[in-house]
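Student: In this note's numbering, the protein residues as written are -12 to 161.
FYI, nobody ran anything at the bench for these hints, they're computed from the structure. None of the values given here were measured: they were computed from a predicted structure. Some hints could be false.
[Claimed, not checked] No more than 27 Å apart at the CA atoms, straight line, and that leaves these computed lysine-lysine pairs for DSS-like: (1) K146 / K86; (2) K86 / K51; (3) K29 / K51; (4) K78 / K153; (5) K65 / K10; (6) K65 / K36; (7) K29 / K10; (8) K36 / K10; (9) K146 / K78.
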Amino acid sequence: MDFSRRLYRSSVEDTDEVEDREKYRPGGYHPVHYDDYIGPNKRFNVIHKLGWSANSTAWLCLDKESRNYKSVKILTAKESVEDCPELQILKALNDVCYKELRENCIAIPSEHFWIEGPNGRHLCFVSDLLGPSLFMNSPDGTGLHTPEFLTDLGFQVSKGLQYLHKRGICHGGK
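Could you build all of it, start to finish, from the sequences and the hints given here?
Tutor: Here it is as structure tokens:
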């Protein structure tokens, strides 16, 4: 019998559309469900998943204090360390006003907190919503791949990188 051939249709879990469910283990992702409340004083109500990476998941949440929608990024327990790159950047830019960051095309989390879960201790970052994924096609005609948009995007990325480099911050992989 040939076991290499599929006997079923592939599901969402078999594609790159969702994170690997096997990473929901100690050291991995924190399990989140729609309508969960996370953060200090159960402040953030989970509305929808925004996305995921190898090291985090991101969630659309309603902030009970401000009544605004926010993005909450939850790092895997393994990546949730006191000297992680995200916290280092927050410390390096701590003295910079919000207006200066925005003028230089820099968006950083507005706050962070820690949560405990079955897979460990997780660092969470709260940010403003920034817009749709650039990886998505735009069938609704929003023009995400027009020359004008791409030129503007290139300018913003260059401006942001120039600002970070002037402050002695650079981006690099592991």
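Student: Could you run down the list of hints and mark each one as holding or not?
Tutor: Hint check results:
This hinted pair checks out: K146 and K86 have alpha carbons roughly 15 Å apart, not beyond 27 Å. As the CA atoms of K86 and K51 are separated by approximately 24 Å, the hinted pair is consistent with the 27 Å bound. In summary, the hint linking K29 to K51 is supported, as the alpha carbons are separated by about 9 Å, within the 27 Å threshold. Under the criterion of a C-alpha separation no larger than 27 Å, the hint pairing K78 with K153 is consistent with the structure, at around 16 Å.
At roughly 11 Å between alpha-carbon atoms, K65 and K10 fall within 27 Å of each other, so this suggested pair holds. Restraint check for K65 and K36: satisfied, since their Cα atoms lie roughly 21 Å apart, inside the 27 Å limit. A distance of roughly 25 Å separates the Cα atoms of K29 and K10; the hinted pair therefore holds under the 27 Å criterion. Pair hint K36 plus K10 holds up; C-alpha atoms about 16 Å apart against a cutoff of 27 Å.
Straight-line distance between C-alpha atoms of K146 and K78 comes to about 21 Å, which keeps the hinted pair within the 27 Å bound.
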